[in-house]
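Each chain is listed here by its residues.
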Amino acid sequence: MATLKELAKVEERFVGGHRLCAGCGHGISVRMVLNAAEDANVVVGCATGCLEVASTIYPYTAWNCSFIHSAFENAGATIGGVEAAYKSLKKQGKLDKDFKFVAFGGDGGTYDIGFQSLSGAMERGHNIVYVCLDNEAYMNTGIQRSSATPMGADTTTSPAGKVVPGKQQPRKDLTAIMAAHNIPYAAQTAISNWQDVHRKAKKAFDVEGPAFINILSPCPRGWRYNTPDIVELVKAAVETRFWPMYEVENGKWKLNYKPKKYVPIEEFLKPQGRFRHLFAPGNEHMIKAIQEEIDNRWLALLERCGETPELPPK
Amino acid sequence: MKNKVAITGNEAVAQAMKQINPDVVAAYPITPQTEVVQIFSSFVSNGQVDTEFVTVESEHSAMSAAIGASAAGARAMTATSSQGLALMFEMVYIASSLRLPIVFPVVNRALSGPINIHCDHSDAMGIKDSGVIQLFSENAQEAYDNMIQAVRIAEHPDVLLPVSVNFDGFITSHALDVLEVLDDDTVKSFVGRYQPEEYLLDAKNPVSMGNFDMYDFYFEHKRQQVAAMEAAKKVIEEVGKEYEAISGRKYGLIDAYRLEDAEMAVVVLNSAAGSAKGVVDELREKGMKVGVLKPRAFRPFPFEAVQEALKKVKAVAVLDRAETFSTLGGPMFADVRTALYDLKNDIKVVNYVYGLGGRDLRLEDVEKVFGDLADIIKTGRADKFVNYLGLRE
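Going down the list, the sequences are from chains F and U.
If you use the working numbering, the first sequence corresponds to residues 1 to 314, in order.
If you use the working numbering, the second sequence corresponds to residues 315 to 707, in order.
Mixed in with the good hints there might be a few duds.
Claimed, not checked - DSS-like, lysine-lysine: derived pairs with alpha carbons at most 30 Å apart:
1. K97/F to K518/U
2. K90/F to K502/U
3. K91/F to K502/U
4. K518/U to K91/F
5. K5/F to K518/U
6. K332/U to K94/F
7. K332/U to K97/F
8. K90/F to K332/U
9. K203/F to K518/U
10. K332/U to K87/F
11. K502/U to K94/F
12. K502/U to K87/F
13. K518/U to K87/F
14. K90/F to K518/U
15. K518/U to K202/F
16. K91/F to K332/U
Unchecked claim - Cβ-Cβ distance ranges computed for the label pairs, FRET-style:
17. K258/F to E534/U: 51 to 61 Å
18. N360/U to G209/F: 20 to 30 Å
19. K258/F to N360/U: 46 to 56 Å
Unchecked claim - Just so you have them, the derived chain F footprint on chain U, three or more residues with Cβ under 8 Å:
20. 332-346
21. 405-416
22. 513-519
Since the hints were made in silico from the structure, they are not lab data.
Built from N, CA and C at the ideal position, the CB exists for glycine as well.
This is chain F alone, in the form it adopts within the complex (with noise of 0.2 Å):
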């Protein structure tokens, strides 16, 4: 594993002067993944979203690397097609360079209007990365619910109200589901641990075939969090077991990280203003269902791991 000094002097392939707001999990996610395809040619595929909307505003662009966005549902397709062109022109000799592929999409992009053109590409087996920058909502089209966004957050299409306190529905478990499809490598990763952030995108560049990996990626608008505590937040986000650390290589699942204590979901939910309905009087129950979903995907998770499923001591 290289030393972050080494890191630091890979060329940088998304840079300043794109527009994505401060505190924002995207620009540090995508900066973090490109690092760890090292000097090789790298094409970026991109859904339609904040990142696309934020780093291309003709005539310029943030991309120090070739880049395609096309539209919001088909990352998963460009990014294929991209890559099925590279095979055929590198087959017929027309071609001498070697390049890595890799689309970025929101969770909208990627778990919602997204899910059958990335699905497609995965059970293609194109030699591509699909990174979904998962900031748990339509962000760009101003704060809608996704399936990613987890039980209970108040966003605009679904508001804590009176009679019904936030999105009622738990998250899709995405990562599984892209496991499912038996690529040869799936994973989940939080910017709070670099380390693990980069040896999974190296090992998703590396490995021949599809590779997918779910990022969490705070968004300061739709959590209402304090920007400079972004980090502490994914922290709390992995410690919680809200979002684990795990990768699934030619079908074996491992265990990145365990939490040492059992630390309570209120820990992740509080600093953040999309949760600040749950802590009102009368909505303890919800806060109940969230920790209740939260250990019992924890112990199956252990138990796919082929770990003792025992949730951390208290």
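We have chain F already, so just place chain U on it with the hints.
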């Protein structure tokens, strides 16, 4: 060298694709296009093409993958019909605005609903304003010839637009036809090698494509697409002349059949033009001055060529195999009527919607149209300008 073969329209188009040997084909099967995908798959499986064949999970992904491949620097194709074209509608606009020379056959079939698998042009008319070039083909021979020419038209530096090659579902796609195919080397040298100026896989000159385009540039980019469409008219004719040199078959923006001294004309796309030509031959025997205008290019609309071809006729019937529900008739009617308006010589222009959902256009139907036109000329009146042909009502 030319070979006469008896094959279906779908086989002819698949044959053209094999000879073009595109770098990437991304396609999803749909009736009546399915055979094209199946036959082409066998070329891939048997190593007869160098193509990377992407078996996408939908037509939306088919055009998306073709866009990715074309942007990467590959010669890319897809193929579809009806609902498939409707599903890829969003991406058709994006392909043309990205100025990607993707060639794609559209085997024309009625759009749902109600669901129907047979021929009409409602699918093609759905993308008439998308910025793609639309060529129409009377028979398997023209579908084959249009495919090969489409590559050169699409990739011409003054054009750089997708080209769809339309031919009628079942009527042309599934019927056995005798046609002449060129030999592989002739096609190979005619289409040449695709050399884009900017592409994603250029390691030395990375490029950002599909940028976010606001009110300060979007309008200019749209205007550039119009300029490319305008340029395409000349390119279609030039490529047609070059193609004539290798095939002996003439291709331009329109096909004017016995119009030189015609008083009455029918304007019609695709296979129905063949039926109309047959009727014209019969009526000419009886001394009627009749002719057919078949636009080969529908987009760009050959405005000047249509004016020139019809300027001396007294009455025109535009036959549309699609509805617009505007209550002003079919889509081609509006264009032809507009083209003739400025001639100010009082040409009567009427519309007939025909053949929706695969209803046959009978020779008697075309005869009736010419009979109606004769009455219009005699009385000087066209009372009803939108009519339905072969409809029970």
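Hint-by-hint comparison with the structure:
The straight-line distance between the Cα atoms of K97/F and K518/U is roughly 10 Å, inside the 30 Å bound, and the hint therefore holds. Taking the CA atoms of K90/F and K502/U, the gap is near 20 Å; set against the 30 Å cutoff, the hint holds. This hinted pair checks out: K91/F and K502/U have alpha carbons roughly 18 Å apart, not beyond 30 Å. Under the criterion of a C-alpha separation no larger than 30 Å, the hint pairing K518/U with K91/F is consistent with the structure, at around 20 Å.
Our distance criterion of 30 Å between C-alpha atoms is met by K5/F and K518/U, whose separation comes to about 27 Å. Among the hinted pairs, K332/U with K94/F is consistent with the structure: their alpha-carbon atoms are about 19 Å apart, no more than 30 Å. A C-alpha spacing of about 27 Å is found between K332/U and K97/F, which places the hinted pair at or below 30 Å, so the restraint holds. A threshold of 30 Å between alpha carbons decides the hint, and for K90/F with K332/U the separation of about 19 Å falls inside it, so the pair holds.
For the given pair, K203/F sits about 26 Å from K518/U by alpha-carbon distance, which is consistent with the 30 Å threshold. With a C-alpha separation of about 18 Å, the suggested pairing of K332/U with K87/F holds against the 30 Å cut-off. With a C-alpha separation of about 16 Å, the suggested pair K502/U and K94/F falls inside the 30 Å cut-off, and the hint holds. Taking the CA atoms of K502/U and K87/F, the gap is near 21 Å; set against the 30 Å cutoff, the hint holds.
The suggested pairing of K518/U with K87/F holds, with an alpha-carbon distance near 19 Å, which does not exceed 30 Å. The hinted pair formed by K90/F and K518/U meets the criterion: a straight-line CA distance of about 17 Å does not exceed 30 Å. Distance restraint check for K518/U and K202/F: the Cα-Cα separation of roughly 23 Å lies within the 30 Å cut-off, and the hinted pair is therefore satisfied. For the given pair, K91/F sits about 17 Å from K332/U by alpha-carbon distance, which is consistent with the 30 Å threshold.
The hint said 51 to 61 Å for the Cβ distance between K258/F and E534/U, and at roughly 57 Å that hint holds. Taking the beta carbon of each, N360/U and G209/F are about 25 Å apart, inside 20 to 30 Å as hinted. For K258/F and N360/U, the Cβ-Cβ distance of about 53 Å falls inside the hinted range of 46 to 56 Å, so the restraint holds. Residues of the region 332-346 of chain U lying with their CB closer than 8 Å to a CB of chain F number 3, which satisfies the three-residue condition for coverage.
For a cut-off of 8 Å, the count of residues in the region 405-416 of chain U with a CB near a CB of chain F stands at 3, and the three-residue condition holds. Counting residues of the region 513-519 of chain U whose CB lies closer than 8 Å to any CB of chain F gives 4, so the stated coverage by that chain holds, three being the minimum.
Hint check: no violations occur; every hint is consistent with the structure.
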